[in-house]
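K.L.:
Single-letter residue listing:
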Amino acid sequence: MKKLSIKKIWKTITGDRQLLAGTIGLALLLLLAVAAAAVATENPYHYGKDMLVGLGENGHILGTNHMGQDIYSMIIYGIRTSLKVAVISALISGALGVFIGGIGGFFGGKVDTFISELINVFMMLPSFFLILLIIAMFGNSITNVMIVIGITTWPSNAKLMRAQALSLRERTFVKSAVAMGETKRQILFKYIIPNGIFPVIANTTMGMSNAILTEAGLSFLGLGDPGIISWGQMIYTGKQYITSAWWISAFAGAAIVVTVLVFYLLGDGLNHVLDPKYSRKRG
Amino acid sequence: MKRFIFRRVLTGILTIIIVFALNFVIIKMAPGDPITTLMGKENSSPEMRQALEEKYGLDKPLPLQFFSYLKTAATGDLGISIIYNRPVSEMISEKVGATVLLGLTSAILAAVIGTFMGIVAARREGGAFDAVSSGVSYAFNSMPAFWLGLMLIILFSSMLGWFPSFGMTDTRAGFTGAAYVLDVLKHMFLPVLTLTLVLLPQYFRIAKSSVLQTKNEEFIMTFKATGMSKKKIFNKYIFRNAILPTITIFGISMAYLITGVTLIEIVFAWPGMGRLVMTAITQRDYPTLMGIYLIMSISVAVVMLIVDIVYALLDPRIRYE
Amino acid sequence: MERLLTLENVNVSYVNKDKKVYAVKNAGFSINKGDSLGVVGESGSGKSTLAMALLRLHDESRTEITGKALFEGKNLLELTQEEMNALRWKDISVVFQKAMNSLSPVHRISEQVEDIYRVHEPHASKKEIEERMIYLLKLVNLPERVYRLYPHEMSGGMLQRTAIAVSLLHSPKLIIFDEATTALDVVTQGQILEEVVQMEQEISMTRIMITHDMSVVAASCNKVAVMYAGEFMEIGYVKDIFKNPMHPYTKGLLNSFPSLKGENETLHAIPGFLPDLSKPEPGCVFASRCPQASERCRREKPACQELKDGRQIACWLYQGGETHE
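Protein chains in written order, with the UniProt record's numbering: chain B, 1 to 283; chain F, 1 to 321; chain Y, 1 to 325.
Hints in this document: simulated from the structure, not taken from any laboratory.
Watch out, some of these pointers could steer you wrong.
Stated by the list, open to error - Which bits of chain Y does chain F cover? Going by a derived footprint, with three or more residues having C-beta under 8 Å, they are: (1) 88–97; (2) 100–106.
Stated by the list, open to error - No farther apart than 20 Å at their CA atoms in a straight line, the calculated lysine to any residue pairs in the SDA-like style are these: (3) F/Lys215 to Y/Arg62; (4) F/Lys236 to Y/Ser110; (5) B/Lys239 to F/Lys236; (6) F/Lys215 to Y/Pro105; (7) F/Lys232 to Y/Ser110; (8) B/Lys239 to F/Leu193.
Where a beta carbon is used, it is the ideal one built from N, C-alpha and C, also for glycine.
Please model the entire structure based on the sequences and the hints provided.
P.N.:
Right, dumping it as structure tokens:
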């Protein structure tokens, strides 16, 4: 069936400009996240004596904030938070979406009517405010943030998975599995989900961008986790010093833009190469 | 058509009921007891506690509780703000005008400019304009709106001093008439610019891709074969067919818009719902937060309903379904 | 008989970067006024490419055309797009295959017809156009109310009839049917072909019928040109060729062609596939599939010969007018 050699993957990645840019970007981000301690010049949790120091002064490449923390080091460590939020919330959202959408599309009938109506309704809701409300009431730990983002953003994944399941259900290999007497659960997990998951993967990558932006938005409203370093919170604290120490907010925001862009490019690239036309070839 | 509208209205109503249900579940599940959540921790008045318990029927079974919650909300009673001790609905209605002004202006500007740019880019696909605007749209799409707002403040207020960075009017000046309008416009400039810039990319992309798609439709070949001028084919047939997805996007982006507006209002101290959200968060004013969530969800549902109906009117294929 | 269109040495090739692929090679035929010519061949044989080239509707940046296509003395291949526009629909019109998509889905037929009519008659009144179109709708057996409908409110057969009516708006001298009945069911296809033939007795019309289906040619044409891999194999009168097909490819086509009532619509009765046009070989293009191919066929390309009954044929079997029957 599908045999993905490293050579083939390499060829696919280098064949699509957006995918190539996204992959390189992600690799760099991962590298920086892992080697944060080596790359950063200071411990970002350390409150130094130099407060609100400008660019390049006293060895602070990107200056410091009002607590004397080194901005450059904070940005490097912030990658960890952003990647964590992106990956975990997107995984939750993707898993829920695949499961709910898969069931709807595969079982059809009343189950599907119910699920697709549910998807329609949830797609209409402004999820950011729901997240905000829950975080405000249940506490603003980073774990809560990731879980809540995950469980409020599944509808778009479910919608894609449902459409995939609907068409896969009519394919011969699924029909023959039904005829062979395999149970519905077996078919769902063995045939429907593995064969229909490709568009969801691309969408989940886009979802990672949105998770990063959502976390930043929450932090900007003062709902970030105070125990960690996040770019959103840096913008939030920097807001008060926007005229005197612009660097606190400016670089953190730029880091968000770059990271989000990497995931968007990756998602677009994956969309190109995981297009149904391509996946049919391996089917 | 009638069936289509009927169905959409039903979904709309369902959405609103689900929003209420979510709110209800959140109060029920939140740490601490619901009454304390609604009253605030510092408030220990037993009369108020009893009044709230009666109002929401907390001694009754769960479904009945939800029903009385729905009934109260249906009369426009969204609860009392903990800190201001005023009805939440009243506070929201005071602020909503400023928010709508900001949001609607930006959404319309983004839709018009983004669509126009998308069409131009599609006409010369692969050209310089297309390359530059596609790249720029990627970048703006990746920007947190509130950060862009701050950066524009640095540039246009701190450095250049061209535009005010906060508020809706200059309260000290006390302008009236045309001067007042001009003052509001000046204050609006930066927040509207920010929002327009972050909303624009999706209109740009959808317009570009749907023009490109329509260009390859069979019927365009028919019109070319009739000798019709390229200009006429583009301005009438490609445009009309390609504009439809833009309308859908206008509806879909409502939720995103409302989020953006809220955050932007906080950046620019615009006296709208965003400020209300901010104070409600810092003061743990849960009834206000929930009221705002309700109102926003309902408005998004209603706007999307209207957009869908407008779409149905413009696309004959839906009208006769 | 008056000549309407003469093709001489027409070559069409697609240019992609530095690669060049022939789609049509050395095409040559002529049509007189009142003729109906069926251009028949498998999909990929270049027949639609030729039609698009005659209408100059191909992507000009990626296509190279040489040769002559004389339409009433004017070389269509050398006209500017403006000159072509003056000619389009007024002198040459076309009916495309996908009736469902051949008109804008969000405009009424009336609005589109008005716009199309006014390309050449800018001052025509709405009433005038409506009368003209309703006359044409009746000609193709459609009710008046069609004029007010949207495309999606009609069936495939109705839409294709409408498309035919639209193509007749300016009474063009030549109409090209590009697989115009292929997407329809066999019964509707038969009806429409019958109507078209009948219609031609009322109004004078010259027609090119691009199709992969010999039965369409049999039902609606007086001349036939058989195309294979971008080249013409045999051209002549339907009555001659159907009675006595000479080229091995024509024979194969006629053996495999489904009748209008038949179900089999494929041409797989001839074993093998079209050759790769990006790697042209020296001999006859059909040689690899030809049951009568000789060593010479694979080495040298046969020239197009005119036989006594006026038919043209490109085959070594008949070189010098001799027939090996």
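K.L.:
If a hint holds in the structure, say so; if it does not, say that too.
P.N.:
Verification of the supplied hints:
no., hint, verdict
1, 88–97, "holds (count 6)"
2, 100–106, "holds (count 6)"
3, F/Lys215 to Y/Arg62, "holds, 17 Å"
4, F/Lys236 to Y/Ser110, "holds, 15 Å"
5, B/Lys239 to F/Lys236, "violated, 48 Å"
6, F/Lys215 to Y/Pro105, "holds, 14 Å"
7, F/Lys232 to Y/Ser110, "holds, 17 Å"
8, B/Lys239 to F/Leu193, "holds, 19 Å"
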